[in-house]
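Chemist: Read off the chains here:
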Amino acid sequence: MYGRKATELVKEFASSEPGQLSTFNNDVFAQVLEECNGHLLHLEPLMMNIQENENKLRDKRSEEEMGMSEDERGNSEAEKMLIQSAIKSDQFGALIHHLSLLRNKRCLMAYVYNRAEVIRNLGWMVDSVLPEEIEEKLSGTEKEYFKKHANTLQSYMAEVDLHLTVDMVPPKDPYIKVRVLDDIGEVVLSDQVANLARHAIMFLRRTDAEQYITQGQMEELTS
Amino acid sequence: MDSGGGEGYAVDDYESLMSTTDVELLKTAWRNEKAAPEILKFDSNLVQRSRQLIQFMEETVDEFNKNGVDPLTVSLYQMDLDRTMFLLRSYLRTRLQKIEKYVFHIRKTAELWNRLSLKEQQFAEGCAIDLKDHLEQSVLSKLPEQYQSHLRQSAASEDDDMVPEPQLDAYVVCRSKRYLGAFQLDDGGEEPVNIEADDLYALPYKSIKPLVESGQIDLV
Amino acid sequence: MACASEPHGSAFSAAELEFLAEDEMIEIVPNLSMKALNFISGDFGPFRPQIATQVPLWLAVALKKRGKCTIRAPEWMSVDKLAQVLEAERDSEKFQPLPFHYVEISRLLFDHARDDIPDIYMVRSLIEDIKDVRFHKIGTGLEIISKERTYALRLKNLSAMEANIVRPFVTSALETFYKLSSSEMIQESNHVPNRQPQATNRGPRRQLKDR
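Chains A, B and C, in that order, are what the protein sequence lines are.
Once you know that position 43 of the first sequence is 43 in the UniProt record's numbering, the rest is easy, because the numbers rise by one and skip nothing.
Once you know that position 129 of the second sequence is 129 in the UniProt record's numbering, the rest is easy, because the numbers rise by one and skip nothing.
Once you know that position 36 of the third sequence is 36 in the UniProt record's numbering, the rest is easy, because the numbers rise by one and skip nothing.
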C-alpha cells in the first residue's frame with residue numbers, strides 16, 4: 001500500500017515525547033526513498049507513453065485536415081478515441097504515482113523538519129556540545145546541522161555581544177532562607193564563612209545551599 | 001517608540017506615553033512578541049536604550065562593590081539589573097526562535113523581512129542556508145529531479161507550497177488601551193463589534209494585527 | 001523550556017506570570033534607614049523606620065526575607081472583601097473584578113509574608129474557593145461577542161492566570177468553529193495531521209489536459 005511506510009515515520013515523530021528524539025530511523029527512511037524511486041520508474045514510461053500518444057493524436061489531426069473520405073474519417077475518429085482513452089488512463093496512473101511521490105516527500109520533509117526543530121531547541125540549552133545519549137540518536141546529517149546551527153547562533157550572539165542561552169527562566173532572589181537539619185559545622189561559602197549548626201536558620205545564596213538541600217541536610221523555608 | 005499612525009493623541013495619552021519607563025516599554029514589547037504568532041517589528045531604539053541603561057547600572061554596581069557599599073543595597077540593585085537583563089534576553093531570544101521556525105517564509109516576505117534588525121537578517125540568512133543544506137542532504141538530493149525543491153512540492157506546483165507559515169488566525173488574548181467602536185473583525189462584511197478599553201478579549205490575531213503594530217492593543 | 005510560543009500552547013509559563021506579577025506595587029513598613037533606590041525599573045524609597053512606602057512586590061519580598069520590613073496585606077486580601085467576592089462569584093455567571101495578578105500576588109505573600117496577613121488560613125481558603133469557582137465558570141462565563149464568521153470572546157475580569165489557561169482551550173475550540181464555518185474549508189483537501197504548522201496542501205496541481 002503506497003504511503004504506509006511514510007506514515008510510520010510521521011507517527012514515530014508524533015508519538016515521541018515533546019522535546020525528545022527517537023533514534024533516526026534510517027531503515028524506514030531508506031524504504032520510503034526507495035518507494036519514491038519506484039514511483040519514478042513507473043512515472044517515466046507513463047509520461048513517455050502519454051507524449052507518444054499525444055504525438056499520434058496530433059499527426060492524425062493533421063492527416064484529417066489534408067482531406068479524407070467518409071470512411072477514412074470514421075476510422076480516424078475511432079482510432080483517435082482509442083488513443084485519447086489510452087492517454088487518460090496513463091494520466092490517471094501517472095497522477096497516482098505523482099501524488100504518492102508528493103505524499104512521501106511531504107512525510108520525509110516533515111520528519112526531518114520536525115526533528116530539526118527539536119535539535120535547534122537543544123542548541124539553546126546545551127550551548128555547542130551535545131550529550132552522548134542524544135548524539136547517538138541523530139543521523140550524520142543531523143549532527144552536522146546541529147553544529148552549523150550552533151555556529152550561526154554563536155555568530156549572532158557575538159555580533160550583538162550578548163549571551164542569549166543563559167537566563168532562560170525569570171531571575172529569582174539569589175538568596176534563600178534555610179533551616180539547617182544536620183550539624184555540619186563551619187563552611188566557607190561563596191560570600192561568607194558560616195557555621196552550619198543544627199536548627200540554625202540562615203540566609204544563604206541559593207547556589208551555595210542547593211547541594212545541602214539535595215542531600216537532605218538543609219531545607220528551604222518559605223516564610 | 002514609533003507610533004506608526006498619524007492620529008493625534010489625547011493629552012493624557014501623551015502624558016502617559018511620556019511617563020512610561022523604558023523597562024515598561026520593554027516589558028510590553030516582550031509580551032507582545034511572546035504572544036504574537038508572527039514576528040513583530042524590531043524596536044531598535046528601545047533595545048539600544050535598554051542596553052545603555054543596563055550598562056550604566058552594571059558600572060554603578062561595580063562602583064558600589066569597589067566603594068564598599070553595604071551588601072544589602074548592592075544585592076537589591078543587582079536583582080533589578082537581573083530582571084531587566086532577563087527581559088532583554090528573552091525578547092531577543094523569542095524573536096530568534098520565530099526566525100528559526102519560519103525562516104523560509106520570512107525571507108520571501110518583504111513585510112516580515114523588514115521587521116528584522118540587520119543582525120537578525122544575517123542570522124536568518126545563516127539559518128536558511130543551514131536548513132536548506134540539511135534538507136537537501138537528508139532528503140531532497142535523493143528524490144527525483146522534479147521533486148527536489150525545498151520550497152515547492154514539485155516542479156508542477158504553481159507556488160511555494162512547502163513553506164511553513166505562522167497561523168495568523170490563531171487566537172490571542174488581548175487588551176485595548178482605548179475604546180474601539182464599530183470594530184470590523186474581518187473584511188467578510190460581518191457585523192462590527194465594540195471593544196471596551198482595558199477589558200480582555202480573545203480574538204484572531206489577524207483581526208487586530210495593525211492595532212498591535214501601532215501599539216493600541218497589547219497582547220497578554 | 002526554550003520553546004517558542006506555539007499557537008496552541010500557553011504563551012507564558014507560571015514562572016513568567018509570577019515575574020510579571022512581581023512588578024505590582026505593594027505597601028511595606030521598613031524597620032531600617034536606607035537611601036533611595038534608583039533602579040532601572042524606577043525610583044523607590046528613601047526608607048525610614050516605621051514610615052510606610054510603596055515598592056514593587058519583588059523588592060518587598062526581598063526586604064521581608066532579610067528581615068528589613070513588614071508587608072501590609074493589600075486591601076482586597078481581607079476576609080470580608082474576599083467573602084463578598086466569593087459569594088458574588090457563586091451567584092453570578094460573570095466574573096468579579098479582582099486584581100489581574102491575584103493568584104501570583106497571594107501565592108508570593110503566603111510563601112514569604114505569612115505573619116503579615118491577618119487570618120491567613122481563612123484568606124487562603126477563600127482564595128482557593130474563588131479560584132475554583134472561577135475556573136469552573138470558564139466554559140460558560142465568557143461572553144461571545146461575535147459568532148458570524150469570526151468568533152470573538154470578551155474575557156471581562158479574567159485574571160492573568162485564568163487568561164493563560166483559557167488561551168489554548170479557547171484557541172482550539174474557536175479555531176474549530178472558525179474553520180468549520182469558513183468557506184475555504186471546502187477547497188482544502190489533505191491536511192497533513194501534524195503538530196507543527198505546515199503549508200496547507202492545496203491538493204493536486206496537475207491539470208488533466210484534453211487535446
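These are computed hints drawn from the structure, not numbers from a lab.
Small disclaimer: the values here were computed from a predicted structure and weren't measured.
Glycine included, every Cβ here is placed at the ideal spot set by N, Cα and C.
Treat the hints with caution; some may be incorrect.
As the list claims (entries may be wrong) - Quick list of in silico lysine-lysine cross-link-like pairs, DSS-like style, CA-CA up to 30 Å:
1) Lys177/B with Lys147/C
2) Lys137/A with Lys142/B
3) Lys65/C with Lys206/B
4) Lys27/B with Lys119/B
5) Lys64/C with Lys209/B
6) Lys156/C with Lys34/B
7) Lys209/B with Lys81/C
8) Lys143/A with Lys209/B
9) Lys41/B with Lys137/A
10) Lys66/B with Lys172/A
11) Lys27/B with Lys68/C
12) Lys177/B with Lys94/C
13) Lys143/A with Lys206/B
14) Lys94/C with Lys177/A
15) Lys119/B with Lys34/B
16) Lys177/B with Lys137/C
17) Lys101/B with Lys143/A
To be verified - Far from chain B, some chain C residues (derived; all Cβ distances over 10 Å):
18) Ala14
19) Asp23
20) Leu37
21) Ala62
22) Trp76
23) Gln84
24) Glu93
25) Asp115
26) Pro118
27) Asp119
28) Glu128
29) Lys131
30) Lys137
31) Ile145
32) Ala160
33) Thr171
Chemist: Any hints this thing doesn't respect? Which numbers, in order?
Modeler: 3, 5, 7, 8, 9, 13, 14, 19, 20, 21, 31, 32, 33
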